[in-house]
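Chains as they are written, first to last, in this note's numbering: chain G, 540 to 753; chain D, 91 to 341.
Simulated from the structure, these hints should not be mistaken for lab results. Treat the hints loosely; a few may be bogus.
[Said to hold, decoys possible] Estimated spans, in silico, between C-beta atoms of each pair:
(1) Asp282(D) with Gly669(G): 43 to 49 Å
(2) Asn704(G) with Gln334(D): 25 to 31 Å
(3) Arg671(G) with Arg333(D): 27 to 33 Å
(4) Lys198(D) with Ser604(G): 48 to 54 Å
[As the list claims (entries may be wrong)] Quick list of in silico lysine to aspartate or glutamate cross-link-like pairs, DMTMM-like style, CA-CA up to 20 Å:
(5) Lys269(D) with Glu245(D)
(6) Lys198(D) with Glu162(D)
(7) Lys198(D) with Glu251(D)
(8) Lys198(D) with Asp242(D)
(9) Lys556(G) with Glu162(D)
(10) Lys556(G) with Asp184(D)
[Claimed, not checked] Here chain D is said to cover these stretches of chain G; the calculated rule only asks that three of the stretch's residues, wherever they fall, bring their Cβ under 8 Å from a Cβ of chain D:
(11) 553 to 559
(12) 659 to 672
Since this is a predicted model, take the numbers as computed values, not measurements. All residues carry an ideal CB built from backbone N, CA and C; glycine is no exception.
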Amino acid sequence: MIALIDYGAGNLTSVRKALTALGADFTIPASTDVCAQASGIIVPGVGHFAATAALEGAWLQAIRSAVSAGVPLLGICLGMQWLFEGSDEAPEVEGLGVIPGRIGRLQNDLERRLKVPHVGWNALDFRSSGARLFQGLSSGAQVYFTHSYAAPVTVECVASTAHANTFSSVVERDNIFGVQFHPEKSGDAGLQILRNFLTVCGSLSPKVAAARAC
Amino acid sequence: MLTKRIIACLDVRDGQVVKGVQFQQLRHAGDPGALARRYNVEGIDEVVVLDITATLESRQALARTINAVAQEIFLPLTVGGGIRSEEDAAAAIDAGADKVSLNTAALKSPELITTLARRYGSQAVIVAIDAKRLGDGFGVFVRSGTTDAARDAVEWARQAESRGAGEILLTSMDRDGTKAGFDCEMTAAVSDAVDIPVIASGGAGTFDHFTDVFTRGRADAALAASIFHYAESSVSDLKRYLRQHGIPVRL
């Protein structure tokens, strides 16, 4: 059972629809105890880093302890940014801190008409072709972004994306995964990435797993 | 590299897609879920659902339409038309919209842009501007294009950005439904004035019109309805054409 965390930051409906379409077994937990028993945890989110303040305290502790016990974690967009230590967007709010580094504002380059927010479809440049989220995809796959802040390219970066500056679009470290784009809004490529995460969690229903094997 | 987006617009009345010319003479264009499904297969980048009646009775019908479209596609979905309050926006987002598009309400109460940007992030707030040429400038019209707002489109776009809008959807009322081409001068004027993405709308008739609006018009995205609804042209043919002409698109 996947725990989909609802902390009031946006895209829960669309992530829920995508998980339903994939046949995933998931719940939106009302209490933090569920995290320890979950087969995986997804932290969605869009918008301002300050919204993650709702996770400070009990949720942060529960997710941190589940992750150290080996439960796979996927952060989407703001949820990925939250995996880091903090963000310049809301310096007073603490991140989960399971990936070293800090989120900074994207640069723009108005001469090249590269605007911020970075909105639209852009390519994933794989830095590690064996990354578990990339099964069935090739470097250059197009996915949908909408954000003004992003993670730096560090050792955990398995795919980067070029805008005015190059940023980390997918991170992976042990059982921790983060995607800056919206897999639930990235058509077939996005659904494949979610499916790959569910496979890591062992949470695909037998029916879906069988359909995939064919 | 960020690609140029092609967006399909579904003007919805009573749960059905309709399309007019210069905001008049509506005719039926099909079922929203079925159209969204076709566009998704053809490679559309985003879908906009505009509720063109936006009466109280149509609210629940709209939620059903948003839900039906969101079941079919895993792509960004914007909902507009009659979003007047934070509650209207919340209802659209809860039904499955990723972004809301504000028009008349944003001009009347610009603080609504800021309120929604704080709650959902700027990326979820589009300000739609319906404009037409007036003398040397571009005048803004509201209430489905029936009322002169006595505002300049470029100035209003700048103000919308400073209030927290994440994108501008700029419709040329002169060109809407005419298939005579986008108003590239107007699009370029707004695109040069703001740092947020500008979606050009109104007038798409040929593939060259899209090339024009992405080059001369300096648009970040282009929105069309008629050209796609009646299967005159497929989204995939358009995108292949654009790529051949040096415009970066998702294929």
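Hints, one by one, checked against the model:
1. Asp282(D) with Gly669(G): 43 to 49 Å: 45 Å, holds
2. Asn704(G) with Gln334(D): 25 to 31 Å: 30 Å, holds
3. Arg671(G) with Arg333(D): 27 to 33 Å: Holds - the Cβ-Cβ distance for Arg671(G) and Arg333(D), about 31 Å, lies within 27 to 33 Å.
4. Lys198(D) with Ser604(G): 48 to 54 Å: Since Lys198(D) and Ser604(G) have Cβ atoms about 49 Å apart, the given range 48 to 54 Å holds.
5. Lys269(D) with Glu245(D): It is violated: about 27 Å lies between the C-alpha atoms, which goes past 20 Å.
6. Lys198(D) with Glu162(D): The given pair, whose Cα atoms are some 34 Å apart, is violated under the 20 Å limit.
7. Lys198(D) with Glu251(D): 16 Å, holds
8. Lys198(D) with Asp242(D): With a Cα-Cα distance of about 15 Å, the restraint between Lys198(D) and Asp242(D) holds, given a limit of 20 Å.
9. Lys556(G) with Glu162(D): 10 Å, holds
10. Lys556(G) with Asp184(D): Cα-Cα ~12 Å, so holds.
11. 553 to 559: Contact hint for the stretch 553 to 559 of chain G vs chain D: holds, 3 residues under 8 Å.
12. 659 to 672: holds (count 4)
Going down the numbered hints, you'll see the structure goes against 5 and 6, while the others check out.
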